[in-house]
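4 protein chains.
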Amino acid sequence: MNLNQNQLQNHNASLLARHQRKLAPWTGELENAEEVIQKLVDFQIAIPSWALGTGGTRFGRFPGGGEPRSLEEKMDDVGLLHALNRSSGAISLHIPWDVPSDVAAIQQRASQLGLRFDAVNSNTFQDQPDQALSYKFGSLQHADAAVRQQAIDHNIEVIRHGVALGSKSLTVWLSDGSCFPGQLNFRKAFSRTLESLQAIYAALPEDWKVFVEYKAFEPNFYSMTVGDWGSSYLYASKLGPKAYTLVDLGHHLPNANIEQIVAILLQEGKLGGFHFNDSKYGDDDLTVGSIRPYQLFLIFCELIEGMDARGMNHADDLGWMIDASHNVKDPLEDLLQSVEAIQLAYAQALLVDRAALEEAREANDVVRAQEILQDAFRTDVRPLVAEARLRAGGALNPLALFRQLDVRGQLIGERGLKTVATGL
Amino acid sequence: MNLNQNQLQNHNASLLARHQRKLAPWTGELENAEEVIQKLVDFQIAIPSWALGTGGTRFGRFPGGGEPRSLEEKMDDVGLLHALNRSSGAISLHIPWDVPSDVAAIQQRASQLGLRFDAVNSNTFQDQPDQALSYKFGSLQHADAAVRQQAIDHNIEVIRHGVALGSKSLTVWLSDGSCFPGQLNFRKAFSRTLESLQAIYAALPEDWKVFVEYKAFEPNFYSMTVGDWGSSYLYASKLGPKAYTLVDLGHHLPNANIEQIVAILLQEGKLGGFHFNDSKYGDDDLTVGSIRPYQLFLIFCELIEGMDARGMNHADDLGWMIDASHNVKDPLEDLLQSVEAIQLAYAQALLVDRAALEEAREANDVVRAQEILQDAFRTDVRPLVAEARLRAGGALNPLALFRQLDVRGQLIGERGLKTVATGL
Amino acid sequence: MNLNQNQLQNHNASLLARHQRKLAPWTGELENAEEVIQKLVDFQIAIPSWALGTGGTRFGRFPGGGEPRSLEEKMDDVGLLHALNRSSGAISLHIPWDVPSDVAAIQQRASQLGLRFDAVNSNTFQDQPDQALSYKFGSLQHADAAVRQQAIDHNIEVIRHGVALGSKSLTVWLSDGSCFPGQLNFRKAFSRTLESLQAIYAALPEDWKVFVEYKAFEPNFYSMTVGDWGSSYLYASKLGPKAYTLVDLGHHLPNANIEQIVAILLQEGKLGGFHFNDSKYGDDDLTVGSIRPYQLFLIFCELIEGMDARGMNHADDLGWMIDASHNVKDPLEDLLQSVEAIQLAYAQALLVDRAALEEAREANDVVRAQEILQDAFRTDVRPLVAEARLRAGGALNPLALFRQLDVRGQLIGERGLKTVATGL
Amino acid sequence: MNLNQNQLQNHNASLLARHQRKLAPWTGELENAEEVIQKLVDFQIAIPSWALGTGGTRFGRFPGGGEPRSLEEKMDDVGLLHALNRSSGAISLHIPWDVPSDVAAIQQRASQLGLRFDAVNSNTFQDQPDQALSYKFGSLQHADAAVRQQAIDHNIEVIRHGVALGSKSLTVWLSDGSCFPGQLNFRKAFSRTLESLQAIYAALPEDWKVFVEYKAFEPNFYSMTVGDWGSSYLYASKLGPKAYTLVDLGHHLPNANIEQIVAILLQEGKLGGFHFNDSKYGDDDLTVGSIRPYQLFLIFCELIEGMDARGMNHADDLGWMIDASHNVKDPLEDLLQSVEAIQLAYAQALLVDRAALEEAREANDVVRAQEILQDAFRTDVRPLVAEARLRAGGALNPLALFRQLDVRGQLIGERGLKTVATGL
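Residue numbers (our numbering), protein chains in the order written: chain A, 1 to 424; chain B, 1 to 424; chain C, 1 to 424; chain D, 1 to 424.
Because the hints were derived from the structure by calculation, they are not lab data. Hints are supplied without guarantee of correctness; some may be wrong.
Taking lysine-lysine pairs in the DSBU-like style, the calculated list, with each CA pair at most 30 Å apart, reads [what the hints assert, rightly or not]:
id	chain 1	residue 1	chain 2	residue 2
1	D	Lys209	A	Lys270
2	D	Lys209	D	Lys136
3	C	Lys270	B	Lys270
4	B	Lys270	C	Lys209
5	C	Lys188	B	Lys39
Generate the whole structure from the sequences, applying the supplied hints.
Structure representation (structure tokens):
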């Protein structure tokens, strides 16, 4: 389905007066309100193709209806999100789930929907039906050189698909590791993984980046071969200037200070991208901002601080993507909530009085430093975010409009109640 | 396949001299060696039917070959384990995966294999193809009374199957909970779950027990309605004398002192059973004893202390079961390793000089108390466990014999390379 | 020093116009704004006497200046806080640090400062210089009955002091536990602790409560004898109707769902009180709301829901206290920040549309339930809290006024730069 | 007191027959028994001067008696331990607690006791009475350059003391960090710390090493400026070839895979040393091997594997030290238990059939790899360790002899019941 512009305009018209009343204090009080709004307009978050269907756990999966059955339908779903919030103008594909059959048609569709192709993702954590060798004991780390070569070849193929579509980066998330003490020679696993990554790196086009994603545990439960930012940094450093670390919020040990990791990686010029989600226990892949919104805000404070210090462009110089699993929610509604949570955190972080903050820090005025951050966080920035959406042509309240239009009902009507997204 | 008794005897004969040399110091030095050996002979650990196939994670599953395709073949596998180690003489069924079509035939097979039927397990954490209502938002806690009734009826049906086979207990593990703050009214969820459990309890035969298993997280990632031992204890207390708490080693928050929980529950007369596995991060379901063998030993120290204090019989008065997932190992080999690890911990705990330990405790002699426990733990009790196996008619080295006989190869020959166990 | 009413009024006058502008939308849009403001006025948070000086860690302590040197000066400090925010009208004493020498004079001072005496706290986690027997190996759990009796007597003496001052409750936090496996017989430790508590309970006046506080770890690092809510609940249940569980936010294992614990304890009629602080790793005792403000809000949602369900009075029927350690902040500034954070969370929780929330829950509308909570949390309720302060006679911005008046400088002038609060 | 050689010999004589009976199977069955014993003889673990007195927590401290009152008495205590176990032939000093007044006399005493001086340790986590500027807000990271310079100067002074005594390394453990979000500019804190370390590095003698120790949390509870191995590696890399990372077992987030960290650091040539202790929750500083002995064994497996791969000498090429706190045990008894636990883990790791292990790993035989490790761990190697002690001139059972001789009683007699070690 496509969003009807009349419906969108009617929706906005019905909410406009209230919105303007809420927004009014901003334009008066905040000097740089316009600048913040423009940054919000520019900020785009990629939607991964696998987040459009209902997720699940090892214990089971409870699918919803109307889920996309093809790459085309996945793009339509992202296009719909983007039409609603004007902040989801990119899609991240996963190979082999999303191999395009007709590249030109796919590109045309993307263009119509206003989407670009974000990082492409390889998959060596599962065996595909037609696969010669198994990844049961790893891929790029595997003891058998033939398995490693197969995984390298797959990554190069992923790059090839990405080039065809106009992607500029490859994300390598490895589930490689071990489940039991003794299973792995850690040094060999590291060296083999590095050599494999070097082979992939060699195939990277000049203007591409490769993101080495780390994860503390799961699906391996004793060790992960790219298990923390330190390891990822080592790989990325040894690979070269096109290699970066990718941070996924859910991939850490309990209580990790992720914002500090972000600051260090930015300082070293090695932060490449971000996967947003939220969690309480492990890689729970919950809606962004649903569990620890203050942490999200603190991370954005570091991102802005660190990017500005390097003269990086907020919108383009890091890869921003949602990576969550929607076990008990409508995936599209969940994504609307996630994008909004990211925008709110970004807006709040933009409001931080950084000059005053630095002054407080230099004076060891801990109380004041906290006040400055909390002042920004306690501010209700929803009017700013809504205004940015309005200016960009989106809906004042995307979720409300989604429900009002019964989008899910329409999708079920078009696609059926029992559909399974490829890759789920 | 059946274990050929000749092969077993040849295996034992070939290892006997070495075994006797290793055992010799025991019979000389340890006063109660005979008693320990007898307790080891008596101690039986139930094997769950779902542990006989390759497990997996939400990211994928890498099946092995020769996996059991039916309840009958699952029983054969447990029978084989039992023939090898003489300590796996019970099977725990999972409904609906293991509904017996011909009860009499199943009972006869069990009798031939020397197996009894341990606790039966209900499943309301997944939807079955023919199911009227979904458990997506819980079962016994569900807002809709009709879903709760469906789940109650299922549990009562499970009891009925258990009665037919001679089981004496029902294990209720609920995945009920919530993934997001706000999703659940905790009080209503508790009350509804309690009422549902009361309806199940009412259907329990006179000589049955019901085990209320708790789990801190997964597959729900914000709250679990039976989330810790305190909650489980509350349910069990309110239900009545036939209701008990069941402890699964992997179902706790990081760093929990499980042995203390065991001690308290035993003291309150509310510990009902145990699910053995090991883990480093969450419910990793790794081989028993593969990560924290000392913790396993400490738990057995509390079990023995607490059971003896209440005059309970080690072998019968608690339910002992392995509950693990074999993602990268042959399931049968993993189970052999798990049973051995349990036996070693049990044997070491039996060696603890408890009179001396109590004396040290009463004198606040912390150093001595630690020495006493470590003395037992550092002792190599493998000869004792092997001797127990030998006397009971098992193999001196079950795993070695399993490999020597190429059991897996034979099973693949019989059942095929690509089989899928029901329920996986 | 005393707060000069003129200064207070000048401060408020200077901020009034801006405050009224911020408040204006509330009185128009929020139906029950008046009710929320009144609840905020009524809500009082006790300040513990030990929170008025600089805290420290086992590695060191970096004292500030002007710290209170006596019970009288501690009361003055709380009086000052209360004069600023009108929400700290209670002080919680710690015996033996705060034994009053002249009860009548102390009561008169309290009356002048508008303070009442909250729960009294016993101390059996340290040895006092004149103490006959040591608590090195525990107090109420101790193997030696004489040590237990000494600890019981101490608690009874604490009650006596509390009665003299008008307290109505005793908080028992025990550091009892063990540092090493084997050190403790868990069952004996439990039974001895219970018996000791029963002796204390027997000395409790008719209209008193006793709070049994639990803690997962520290200062004992293997087991704590009152280690979790389940244990505390068991003790409180066995003691009787005057015994309750006390929850301290920092006393849990990583990732614990504290709001669910609150809900269960309220439902069972056994939640007695709260110790507020915040933390990232353990019992870090940081400023309330400085790390996980959303969790604090969720806890207040459960408190309100659960108290209302039982017809409890928010202001009186639970004990509310801050329990933090101010290692790098001015203690009084930290307390002002903490009280504000509590009020904000309370106000936000009061804003939750509970009827709509229940409706969403009953419909399993997870997205909507989350929206409802987030809507309240994302609202900037600072104007409401400031208005409540204003009406109660406090400062619109207590922290700003505290700095403007250079309160700390004055205290240093009065008391000196190098002072040590009793008990620190 | 000095250990009487007659008493030692009598002790050994009384246990010799039993020891030889236990040892006998080894010399027959284990090919490389002699080699293992020799490695155990050579392996020395440094004792830190601050571990000789009773430790404490922020809640209190329960001192024992007969604690050393001076550097000389601390050396005597280590000398005594070394006389008992012949494996504690090094002492690690802490400045300013252990500034030697007469270097020559100290050196002579060390020579008589058979001790060498291990790494010297600086202290910028506390303020000393005569100190000009405070470390309340950090030392090497401090916003104020004068504080940084003071901390740099202190470290250079520590090096000077170390040079005088013959130490060859400096351990820098920084408590620098922050307690609250906002307090610190992470990038500036990193840069300042790096610059300060560079100034210290510049003062390092040619043949010295500097160890940069990391810690996840405590005493700062939001961020630590050297917070994990990745950070420490970055500092050490930027500093140069004399800079290394130091791993303390208790300084990690929950569930960290420390053995993998060890393997990576060894591979990168940046592992410098080790601080041994054990813990369940945080930096609990419990007796080595008292909580997770299998983890200790796994770490030693990686140490041996990694050191051998680089041709490093086990005894000399890494710094080995115990770093624990003895809150409820006699410090000397605790240290005897700790050294024994380290030796057992080392011995078991030496027994691992590494050729077979590599073969299993290359074949992805996870079951076999686990069997190989567990086979070594389940072996009772106490006779080997005792034999090594015997050959080196120590006691067969140091702890038993310590008690038999009533060493603590004698120390109390010499030094008094109420003594306080410098620095505690």
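Quiz item: Which numbered hints are broken by the structure, listed smallest first?
Solution: Nothing - there is no hint that the structure violates, so all of them hold.
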